[in-house]
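J.: Each chain, written out:
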Amino acid sequence: MEKQKTTNIILFSGDYDKAMAAYIIANGAAAYDHKVTIFHTFWGLNALRKDEALKTEKGFLEKMFGKMMPRGADKMGISKMNFAGIGPKLIKKVIKKHNALTLPQLIEMAQEQEIKLVACTMTMDLLGLKQEELLDNIELAGVAAYLADAEDGNVNLFI
Amino acid sequence: MEKQKTTNIILFSGDYDKAMAAYIIANGAAAYDHKVTIFHTFWGLNALRKDEALKTEKGFLEKMFGKMMPRGADKMGISKMNFAGIGPKLIKKVIKKHNALTLPQLIEMAQEQEIKLVACTMTMDLLGLKQEELLDNIELAGVAAYLADAEDGNVNLFI
Amino acid sequence: MEKQKTTNIILFSGDYDKAMAAYIIANGAAAYDHKVTIFHTFWGLNALRKDEALKTEKGFLEKMFGKMMPRGADKMGISKMNFAGIGPKLIKKVIKKHNALTLPQLIEMAQEQEIKLVACTMTMDLLGLKQEELLDNIELAGVAAYLADAEDGNVNLFI
Numbered sequence: 000m001e002k003q004k005t006t007n008i009i010l011f012s013g014d015y016d017k018a019m020a021a022y023i024i025a026n027g028a029a030a031y032d033h034k035v036t037i038f039h040t041f042w043g044l045n046a047l048r049k050d051e052a053l054k055t056e057k058g059f060l061e062k063m064f065g066k067m068m069p070r071g072a073d074k075m076g077i078s079k080m081n082f083a084g085i086g087p088k089l090i091k092k093v094i095k096k097h098n099a100l101t102l103p104q105l106i107e108m109a110q111e112q113e114i115k116l117v118a119c120t121m122t123m124d125l126l127g128l129k130q131e132e133l134l135d136n137i138e139l140a141g142v143a144a145y146l147a148d149a150e151d152g153n154v155n156l157f158i
Numbered sequence: 000m001e002k003q004k005t006t007n008i009i010l011f012s013g014d015y016d017k018a019m020a021a022y023i024i025a026n027g028a029a030a031y032d033h034k035v036t037i038f039h040t041f042w043g044l045n046a047l048r049k050d051e052a053l054k055t056e057k058g059f060l061e062k063m064f065g066k067m068m069p070r071g072a073d074k075m076g077i078s079k080m081n082f083a084g085i086g087p088k089l090i091k092k093v094i095k096k097h098n099a100l101t102l103p104q105l106i107e108m109a110q111e112q113e114i115k116l117v118a119c120t121m122t123m124d125l126l127g128l129k130q131e132e133l134l135d136n137i138e139l140a141g142v143a144a145y146l147a148d149a150e151d152g153n154v155n156l157f158i
Numbered sequence: 000m001e002k003q004k005t006t007n008i009i010l011f012s013g014d015y016d017k018a019m020a021a022y023i024i025a026n027g028a029a030a031y032d033h034k035v036t037i038f039h040t041f042w043g044l045n046a047l048r049k050d051e052a053l054k055t056e057k058g059f060l061e062k063m064f065g066k067m068m069p070r071g072a073d074k075m076g077i078s079k080m081n082f083a084g085i086g087p088k089l090i091k092k093v094i095k096k097h098n099a100l101t102l103p104q105l106i107e108m109a110q111e112q113e114i115k116l117v118a119c120t121m122t123m124d125l126l127g128l129k130q131e132e133l134l135d136n137i138e139l140a141g142v143a144a145y146l147a148d149a150e151d152g153n154v155n156l157f158i
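Residue numbers (numbering that gives the first Met the number 0), protein chains in the order written: chain D, 0 to 158; chain F, 0 to 158; chain W, 0 to 158.
Fair warning: there could be bad hints in the mix.
Put simply, identical chains are the same to the list, so a pair is met inside one copy or across any two.
[Unchecked claim] In silico DSS-like links for lysine-lysine, alpha-carbon gap of 27 Å or less:
1) 34 <-> 79
2) 74 <-> 2
3) 91 <-> 62
4) 96 <-> 2
5) 57 <-> 91
6) 34 <-> 92
7) 79 <-> 2
8) 4 <-> 79
9) 95 <-> 129
Because the hints were derived from the structure by calculation, they are not lab data.
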């Protein structure tokens with residue numbers, strides 16, 4: 000029996016367009032029966048944030064990061080032509096017009112396809128994010144867990 | 000007989016310097032007899048645009064994207080020190096001074112080395128790009144085709 | 000006997016946070032007995048610069064690049080929320096508060112773990128950087144050496 004292929008994506012970027020690319024590749028790979036993991040680190044964690052603000056115990060710096068960073072996929076900017084926030088609106092318009100999926104829809108599809116969504120514990124600690132601020136069914140893990148998955152991976156990408 | 004090695008690059012970025020890096024690695028891998036594919040998606044598609052404007056049937060949003068995005072490799076900005084467009088000029092000066100290859104030359108070399116240059120159909124649809132706006136000999140394909148190449152790849156990179 | 004696994008990272012980015020991610024993955028992989036190489040190209044070379052200015056023979060363009068680019072890991076900006084230089088200070092404060100490692104410390108650890116740190120000769124030539132401007136124990140090599148390492152690599156990333 001052939002070994003199941005795997006795709007392991009590190010999502011470092013907090014850009015809407017880059018996160019879309021990550022989730023499109025991930026959903027594609029899952030459709031082709033890959034075991035797929037997206038390891039969210041640094042700004043990539045923003046894609047997993049719930050969009051409401053939660054009362055949590057935080058220090059000043061962590062509160063500030065929490066405020067400045069976008070709460071959830073729908074609030075992220077884009078890497079090019081952001082134009083003070085108009086760019087993402089245009090992209091979303093174009094996505095709807097062409098019946099493509101928005102980032103929140105791509106994330107939902109990933110969860111339905113049982114793609115493993117991981118939040119980097121070190122980043123959560125540094126930026127002061129708490130598990131209850133993230134979507135449900137997110138695993139917490141560190142670089143060791145990523146490497147254990149990726150070292151036998153077929154498609155390993157840093158996005 | 001040993002299996003031919005393969006290098007599969009996703010070029011997501013529309014930055015001149017990142018596209019240069021992609022094409023330098025690709026041309027290097029082809030010289031070492033790898034089967035090489037560059038899959039151009041999102042802003043990376045700009046590297047494949049012809050530099051003249053073509054009359055095409057487009058909706059308003061697509062026309063706008065078409066106007067705002069650089070037409071071809073020679074018009075792309077750089078990821079650092081762009082300085083309102085002076086950066087790319089400096090880079091090109093430095094390239095010429097050191098007899099290195101510019102991005103358009105690297106793309107031409109890639110085509111001569113029979114590197115497979117692919118344009119992502121989903122992005123073309125979203126941004127309203129038409130095949131006649133791209134250089135010749137570009138294949139159109141989607142994420143499934145990328146995954147088929149990359150899942151047995153030796154060097155897979157997202158740039 | 001099992002073959003030693005390898006991790007090969009191309010560090011293209013000159014951002015503090017992206018370089019941190021590269022060095023955290025690299026140090027993790029070395030701890031898991033991978034043979035690890037970080038190939039520094041384009042702006043990624045800035046992480047390897049000594050922080051003092053050295054008198055070197057350079058042309059005008061190269062001098063300008065030398066002046067404009069950050070001298071060493073501690074002077075690099077971040078990819079998001081740079082806020083005219085305040086961002087990196089905040090990040091470093093948060094790192095200290097949580098007893099995490101700064102980028103210069105991560106680079107030192109990489110050298111102690113015998114991670115191979117490579118500077119791209121083509122970039123050094125283009126940007127006019129001299130070996131004496133870099134940290135000690137940096138190898139100089141080109142894309143061919145990178146490909147020789149990466150084509151049998153387990154974890155290949157472009158950062």
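J.: Which constraints among the numbered hints does this structure fail? Numbers only, ascending.
T.: Per hint list: 1, 2, 4, 6, 7 and 8 violated.
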